[in-house]
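A.B. asks: Next come the chains, spelled out residue by residue.
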Amino acid sequence: MACLKSFGSALPERVVTNDELAARIGCEAGWILQMSGIVERRWAAADESVVDLAVRAGDDAIARAGADRGQIKLVLVSSGSAERRFPGPAAETAHRLGLGDTPAIDLPLASAGSLVALALASRLAESVGDVLVIGAEKMSAVIDREPLDRNTAILFGDGAGAVLVTRNSGSLRVVDSVLHTDGSFAQTLRLEFGENISMDGRTVILQASRKMPAAIQEVLERNGRKADEVVAFLLHQANRNLTTRVAQAVGAPVERFVSNVELYGNTSSASMLIAAAEWSADAKVSANEPVVFAVFGAGFQWGALLAAGAT
Amino acid sequence: MDPQARIRKVIETVTKKPVTLAADESLFDSGVLDSFALADAVTGLESEFGIKVPDADLNPRKFDSIARIDEYIAQRLV
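Sequences listed follow chains A and B, in order. Residue -10 is where the first sequence starts when you use the working numbering, and the numbers rise one by one after that. Residue 3 is where the second sequence starts when you use the working numbering, and the numbers rise one by one after that.
Note that these hints are calculated values from the structure, not bench results. One thing to keep in mind: the hints can contain errors.
[To be verified] Selected chain A positions facing chain B (in silico; Cβ < 7 angstroms):
{"hint": "1", "residue": "Gln196"}
{"hint": "2", "residue": "Ser198"}
{"hint": "3", "residue": "Arg199"}
[Unchecked claim] Label-pair ranges, simulated between beta-carbon atoms:
{"hint": "4", "chain 1": "B", "residue 1": "Gln77", "chain 2": "A", "residue 2": "Ala175", "range": "23 to 33 angstroms"}
{"hint": "5", "chain 1": "A", "residue 1": "Glu72", "chain 2": "B", "residue 2": "Gln77", "range": "38 to 48 angstroms"}
{"hint": "6", "chain 1": "B", "residue 1": "Val80", "chain 2": "A", "residue 2": "Thr6", "range": "47 to 57 angstroms"}
{"hint": "7", "chain 1": "A", "residue 1": "Gln237", "chain 2": "B", "residue 2": "Asp57", "range": "13 to 23 angstroms"}
{"hint": "8", "chain 1": "A", "residue 1": "Leu113", "chain 2": "B", "residue 2": "Ala69", "range": "45 to 55 angstroms"}
{"hint": "9", "chain 1": "A", "residue 1": "Ser116", "chain 2": "B", "residue 2": "Ala76", "range": "49 to 59 angstroms"}
{"hint": "10", "chain 1": "B", "residue 1": "Glu14", "chain 2": "A", "residue 2": "Glu72", "range": "45 to 55 angstroms"}
{"hint": "11", "chain 1": "B", "residue 1": "Lys18", "chain 2": "A", "residue 2": "Lys215", "range": "26 to 36 angstroms"}
{"hint": "12", "chain 1": "B", "residue 1": "Ser28", "chain 2": "A", "residue 2": "Phe182", "range": "29 to 39 angstroms"}
[Said to hold, decoys possible] Straight-line C-alpha distance at most 20 angstroms; calculated DMTMM-like pairs for lysine to aspartate or glutamate:
{"hint": "13", "chain 1": "A", "residue 1": "Lys273", "chain 2": "A", "residue 2": "Glu218"}
{"hint": "14", "chain 1": "B", "residue 1": "Lys11", "chain 2": "B", "residue 2": "Glu27"}
{"hint": "15", "chain 1": "B", "residue 1": "Lys64", "chain 2": "B", "residue 2": "Asp36"}
{"hint": "16", "chain 1": "B", "residue 1": "Lys64", "chain 2": "B", "residue 2": "Glu50"}
{"hint": "17", "chain 1": "B", "residue 1": "Lys54", "chain 2": "A", "residue 2": "Asp189"}
{"hint": "18", "chain 1": "B", "residue 1": "Lys54", "chain 2": "A", "residue 2": "Asp171"}
{"hint": "19", "chain 1": "A", "residue 1": "Lys62", "chain 2": "A", "residue 2": "Asp8"}
{"hint": "20", "chain 1": "B", "residue 1": "Lys64", "chain 2": "A", "residue 2": "Asp189"}
{"hint": "21", "chain 1": "B", "residue 1": "Lys11", "chain 2": "B", "residue 2": "Glu73"}
Computed from a predicted structure; not experimentally measured. Glycine is no exception: its CB is placed at the ideal position from the N, C-alpha and C atoms.
With the hints as constraints, model all of the structure from the sequences given.
C.D. replies: Here's what the structure looks like:
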């Protein structure tokens, strides 16, 4: 299957602290930290769009790979917070990346979209060539509406992540992936046009606590690997407490679960790739050592992808 | 031990605190359980009662009080 050539990321400059949010919501900053493990998050400027963030992350991934843009034959952009109904951010992102008439497709899958796109790209790269996957979100635009909802306003941040998927060149080789959907929970986590995000947090946490570990175990068992062999777990960065529960459930040390939710909050479909970009900057993965990606998001959509050191 | 006492024991093991509230009192509103503790409690209940809670049943409302949990487990054991 395909290889992961490089990761990239982009984050807005503005840091929003728990103290700032606590004053607006009317709670203690310590409560936010206790509930989420989040210390601060980044919010984009008013004139900074999902596409702006997507382009910066895509450029970063291309630059880190030293890639020839002419070799990119497909762009997949995931976002649950795109500013308009259509066109989605993919077309404009590809245009601004200088990719000419390369096909660019939107995947509006909040939180889970970057892994779904990565799984699809891994299968498509063999036939179409290099695929640029981007997850980009401006979640502040869908939570920063008065009155602020204390249960969601504390969680989310803005940013973008990217990965360049190639046929056979990269430090990680994609081994396998599993994807699942359960539409019976479509009302549980949703964003209607012109409204704040709506989330039944208890149900989301309860379902994610079960489904993410199950997907990880499924992809590992299918390939004869064990959780304690995995050198790094790169999850959707939703909540530090959830990551700890997933680690306990799969039976792997929590230290192997890459976490940056403390600094950026939940950046929805961007989060997994932002974490991967930071992790990959100094990661050393030996040949055949497993790395696992996993997500859970609105829909519900969830899944896991197994990669391994290529060299 | 009756089922409600066994449920109480599971929750006490998860929360590491005595559970003294009435059987029909909300475990969430009283602060005994939060979202994360509930996930652990469900795992504990599965082990204690030898049942499997399907994902479709993972609805916090089914687990909001000791009485509701008792009712749910009784249905699963039929």
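A.B. asks: A separate judgement is required for each hint: does it hold in the structure or not?
C.D. replies: Each hint tested on the structure:
no.	hint	result
1	Gln196	holds (6 angstroms)
2	Ser198	holds (4 angstroms)
3	Arg199	holds (6 angstroms)
4	Gln77/B - Ala175/A: 23 to 33 angstroms	holds (25 angstroms)
5	Glu72/A - Gln77/B: 38 to 48 angstroms	holds (46 angstroms)
6	Val80/B - Thr6/A: 47 to 57 angstroms	holds (52 angstroms)
7	Gln237/A - Asp57/B: 13 to 23 angstroms	holds (18 angstroms)
8	Leu113/A - Ala69/B: 45 to 55 angstroms	holds (52 angstroms)
9	Ser116/A - Ala76/B: 49 to 59 angstroms	holds (54 angstroms)
10	Glu14/B - Glu72/A: 45 to 55 angstroms	holds (49 angstroms)
11	Lys18/B - Lys215/A: 26 to 36 angstroms	holds (30 angstroms)
12	Ser28/B - Phe182/A: 29 to 39 angstroms	holds (34 angstroms)
13	Lys273/A - Glu218/A	holds (15 angstroms)
14	Lys11/B - Glu27/B	holds (16 angstroms)
15	Lys64/B - Asp36/B	holds (14 angstroms)
16	Lys64/B - Glu50/B	holds (17 angstroms)
17	Lys54/B - Asp189/A	violated (23 angstroms)
18	Lys54/B - Asp171/A	holds (19 angstroms)
19	Lys62/A - Asp8/A	violated (45 angstroms)
20	Lys64/B - Asp189/A	holds (14 angstroms)
21	Lys11/B - Glu73/B	holds (16 angstroms)
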